[in-house]
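J.: Produce the complete structure using the sequences and hints provided.
Here is what each chain is made of, one letter per residue.
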Amino acid sequence: MKIEEYQERKLTVDGWDVNLTSYRLGAEWHAKADNVSPGATLCRTTGTTREEAEEKALKRAEELLARTRRHQV
Amino acid sequence: MTEYAHPEALVSTEWVAQHAKDPTVRVVEVDVDTKAYNEAHVPGAIAWAWNTQLCDTVRRDILSQPQFEALMSASGVAPDTTLVIYGDNNNWFAAWAFWQAKIYGHKDVRLMNGGRKKWLAEGRDVSVDVPHVAAAEYHARAADVSLRAFLPRVQEASAHRSAALVDVRSPQEFKGEILAPPGLPETCQRGGHIPGARNIPWGKACNDDGSFKSADELRALYAKEGVDGSKPVIAYCRIGERSSHTWFVLKYLLGFENVTNYDGSWTEWGNLVGAEVARGAAA
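Protein sequences, first through last, are from chains A and L. Sequential numbering from 1 applies to the first sequence in the numbering used here. Sequential numbering from 1 applies to the second sequence in the numbering used here.
You may find that some hints are simply not true.
Pairwise CB distance ranges (calculated) [to be verified]:
no., chain 1, residue 1, chain 2, residue 2, range
1, A, Val36, L, Asp108, 30 to 36 angstroms
2, L, Ser162, A, Val73, 23 to 29 angstroms
3, A, Glu55, L, Gly280, 35 to 41 angstroms
Chain A is faced by these chain L residues, among others (derived, beta-carbon under 8 angstroms) [unchecked claim]:
no., residue
4, Asp88
5, Asn89
6, Asn90
7, Gly123
8, Gly176
9, Glu177
10, Ile178
11, Pro181
12, Pro195
13, Arg198
14, Asn199
15, Gly203
16, Ala278
17, Gly280
18, Ala282
Covered stretches of chain L, going by a simulated chain A footprint (3 or more residues, C-beta under 8 angstroms) [unchecked claim]:
no., region
19, 32–39
20, 125–137
21, 164–175
Simulated from the structure, these hints should not be mistaken for laboratory data. Virtual Cβ for every residue (Gly too), placed ideally from N, Cα, C.
T.: Rendered as structure tokens:
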């Protein structure tokens, strides 16, 4: 069994840089959202299409990133 | 081009593809949990979860010697097994496992260069099967605490500049703008960094494919911030896993003699009553 159609792209979610990875494994699509800096995994999702898996990942990433507080330095 | 100081501490994805099922080799995927492993993993690999198997789950600490021996035994790892570790996030948690294996004296432990990301991107075979492994007998050495920095040593290093403090978190964490990586729970009371620390984010040691940069590039990266191995180095981050990645780079790829990982990291220092905290960019 092999990972197919592996893809990474960077985008901005709620003001934060996010790396979105997606690929197909058999009939199922997988997506993962990381914060770019420092690179921690925010969530992993699945779907029947790439779009569905990515949409779920971005939705969850947005929920998590919205909780991040910026402090004045 | 200079070679890594200890090239034997790294294996390529191709090497793993050829040797993952050798009887003297045990491949382990290490992440914060096993979600990624459960999705798909290197055929023949087993999984260790950082949050339940590579820490004492009662008190905050690494595994005790008996706990480490039990993990290795249950994983079918004998003292002479070639232990190959890889994981997600460019091997953050894999480096933590590597560090702990070295603390307990495992002789032949290696990281798969590029980790899970590189393996997947290369379109290599994956599996969802969990291999059955026969338990092995494992006796660890007493913990080598020279690889680990505890709070008193870090306080001394900060006060007297007796070691290079390398903060490997993001610039925003270092400055105190955020108290945890974006999207993760805040786990400290104060933001900022340990006075005297330099900020060299862990990811600067990696190429886009997750593999480590060349020895020359790495040497230049750290030297630019005054970290050249001429004095002891203490690496830290938030919980000690990103800094174990940098610890690996400095000790095994650049060959610095005296490098320790401060696993208490910012979740210790940033919660200490009365601790000095520096904010903003490094001076």
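J.: Does each hint fit the structure? Answer for all of them.
T.: The hints, checked one at a time:
{"no.": "1", "hint": "A/Val36 <-> L/Asp108: 30 to 36 angstroms", "result": "34 angstroms, holds"}
{"no.": "2", "hint": "L/Ser162 <-> A/Val73: 23 to 29 angstroms", "result": "27 angstroms, holds"}
{"no.": "3", "hint": "A/Glu55 <-> L/Gly280: 35 to 41 angstroms", "result": "38 angstroms, holds"}
{"no.": "4", "hint": "Asp88", "result": "6 angstroms, holds"}
{"no.": "5", "hint": "Asn89", "result": "6 angstroms, holds"}
{"no.": "6", "hint": "Asn90", "result": "7 angstroms, holds"}
{"no.": "7", "hint": "Gly123", "result": "6 angstroms, holds"}
{"no.": "8", "hint": "Gly176", "result": "5 angstroms, holds"}
{"no.": "9", "hint": "Glu177", "result": "6 angstroms, holds"}
{"no.": "10", "hint": "Ile178", "result": "6 angstroms, holds"}
{"no.": "11", "hint": "Pro181", "result": "5 angstroms, holds"}
{"no.": "12", "hint": "Pro195", "result": "15 angstroms, violated"}
{"no.": "13", "hint": "Arg198", "result": "16 angstroms, violated"}
{"no.": "14", "hint": "Asn199", "result": "11 angstroms, violated"}
{"no.": "15", "hint": "Gly203", "result": "6 angstroms, holds"}
{"no.": "16", "hint": "Ala278", "result": "11 angstroms, violated"}
{"no.": "17", "hint": "Gly280", "result": "5 angstroms, holds"}
{"no.": "18", "hint": "Ala282", "result": "13 angstroms, violated"}
{"no.": "19", "hint": "32–39", "result": "holds (count 4)"}
{"no.": "20", "hint": "125–137", "result": "holds (count 4)"}
{"no.": "21", "hint": "164–175", "result": "holds (count 6)"}
Going through the hint list in order, the structure does not satisfy hints 12, 13, 14, 16 and 18.
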